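4 protein chains.
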Amino acid sequence: MTSSRWSEHTLRRRVNFYELDSAGIVHFSTFFRYMEEAEHALWRAAGLSIAPRESEVGFPRVAAAFEYHRPLCFEDEFDVHIRIVGLSEKTIRYACVLAQDGQNVATGTMTVVCVRTDVTPLKSVSIPPEIAARFEVAAGDAQ
Amino acid sequence: MTSSRWSEHTLRRRVNFYELDSAGIVHFSTFFRYMEEAEHALWRAAGLSIAPRESEVGFPRVAAAFEYHRPLCFEDEFDVHIRIVGLSEKTIRYACVLAQDGQNVATGTMTVVCVRTDVTPLKSVSIPPEIAARFEVAAGDAQ
Amino acid sequence: MTSSRWSEHTLRRRVNFYELDSAGIVHFSTFFRYMEEAEHALWRAAGLSIAPRESEVGFPRVAAAFEYHRPLCFEDEFDVHIRIVGLSEKTIRYACVLAQDGQNVATGTMTVVCVRTDVTPLKSVSIPPEIAARFEVAAGDAQ
Amino acid sequence: MTSSRWSEHTLRRRVNFYELDSAGIVHFSTFFRYMEEAEHALWRAAGLSIAPRESEVGFPRVAAAFEYHRPLCFEDEFDVHIRIVGLSEKTIRYACVLAQDGQNVATGTMTVVCVRTDVTPLKSVSIPPEIAARFEVAAGDAQ
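Chains as they are written, first to last, in my numbering: chain A, 1 to 143; chain B, 1001 to 1143; chain C, 2001 to 2143; chain D, 3001 to 3143.
Calculated directly from the structure, the hints in this document are not laboratory data.
These numbers were taken from a predicted model, which means no experiment stands behind them.
Worth double-checking, as some hints may not be accurate.
[Stated by the list, open to error] Calculated Cβ distances over 12 Å to all of chain A for the following chain D residues:
hint, residue
1, Arg3005
2, Trp3006
3, Val3057
4, Glu3067
5, His3069
6, Arg3116
7, Gly3140
[Said to hold, decoys possible] Chain A side only, calculated, beta carbon under 7 Å to chain D, not exhaustive:
hint, residue
8, Asn16
9, Tyr18
10, Arg33
11, Glu37
12, Ser49
13, Ala51
14, Phe74
15, Glu75
Ideal placement from N, C-alpha and C gives every residue a C-beta, glycine not left out.
Only chain A is shown next, with the shape it has when bound in the complex (with noise of 0.2 Å):
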């Protein structure tokens, strides 16, 4: 039997004209957009959506960080790889590679907290069973 839960995922993509700057690369700030792209791609491929109409819990960002090695620029084609490094009962941690061709662009890690949505302040909660039981630490990945 094979496993039911998901821990990485590959986004293919191209940059596009408005997330460059005027040095004509991507701008710093694009990048944990493409993060989140590819974590909201591996949601969907363990058949779920991060942020649901009418849902009860979300998932804020608690930290985000990326080093950059080689710059990105219009209409490159690139991979987003994203895997889930951390779960625990509110919080999930994912990090994150970017990769042109074989050589490596940009490394990033996030970190995300379920909270309730119809609260304010925010308060964390525990993940939702049905969602937990969807994700699993990547294999290799210390948690």
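Use these hints to put chains B, C and D onto chain A, whose structure you have.
Structure of chains B, C and D alone, referenced to chain A:
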């Protein structure tokens, strides 16, 4: 004689509608743009532009990170305090605190490297002396 | 007795680095964000927020347009002048002029409609009287 | 012999989370980015890039407009159909329709002008023949 070197700056800002996500809070990628705005305001305070036309050097980011403590909502006013915490021949390291009504909203860091803009791939070079002479590490921050 | 109704507002703004495209000029989509910023500043001047928490109405756009006359570059300072040129039971029409040093940079228009936020699909409704009472068509503009 | 000129293109797209506003629908400024993505996909289909490195010409926008008919929500899939409706010595006019499941979401237009990239201020020039030769006005659209 007072110092003619700059090491920190505070930018006052209000949240724009298009910076929010569907949860009604500022999207996590936008914080990197706030940090950059404060960086450029620091450079202007020092009498410089970070990206003048025809400049032979540029300052791409090699690392950037944020930790998020409290959400920002529509029209919230907040301060972005940036300071230089490291200065080497080719790089500048910044630390950044976003605060609202005295409460810590988020804490960020960013490292930029000086490169020549007229060559591909990007090649790091020494920060021009007329720029390096305008900045120093903020008091109390270890280099 | 002076009027307590607002019909126009001018927002002073400086170009941010992340608003540029790779040609070094502000991306054409960004002008719509400038127009929106000026709209929300007009509402604040009138003592209102266009999107308060828990509001029962919202103001999605039904049309928006810009004509571009001159480019804006990094750190350019400019004015966004917005005025109300039409006001009906359910809609507000704005006209917008961006100017730099007295020169016309771009001219925009935008029409928004009042909708209930608690129903899907969006359903247009009358602008609440406490909002409608704060605005009027700018002098010299035909309704 | 089949035509070697391109006049229209359809881009398949999914709504990203960071493109939403706090009402949970795609921000109106984002539609202009969708239209631009479709334009650049049309150019690629014609064997061209609209902004190759070291290009002597660029294509800034002189006018852009959208009418919004239905909202787009998170992860919605939709088509962006762009076609050339006008072609002169120095300009290209596009019309654009966004559709979801056969329903019209929004209708846009955009006019771009060919300029030399090496002079300030921008100066319009003839579209280079190797570019002009790749495009034509879509059948049924009056020039």
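Going down the list of hints, with the structure as the test:
no., hint, in the structure
1, Arg3005, "holds (21 Å)"
2, Trp3006, "holds (17 Å)"
3, Val3057, "holds (15 Å)"
4, Glu3067, "holds (21 Å)"
5, His3069, "holds (20 Å)"
6, Arg3116, "holds (17 Å)"
7, Gly3140, "holds (28 Å)"
8, Asn16, "holds (6 Å)"
9, Tyr18, "holds (5 Å)"
10, Arg33, "holds (5 Å)"
11, Glu37, "holds (6 Å)"
12, Ser49, "holds (6 Å)"
13, Ala51, "holds (5 Å)"
14, Phe74, "holds (5 Å)"
15, Glu75, "holds (6 Å)"
Violation of the numbered hints given earlier is absent; every hint is satisfied by the structure.
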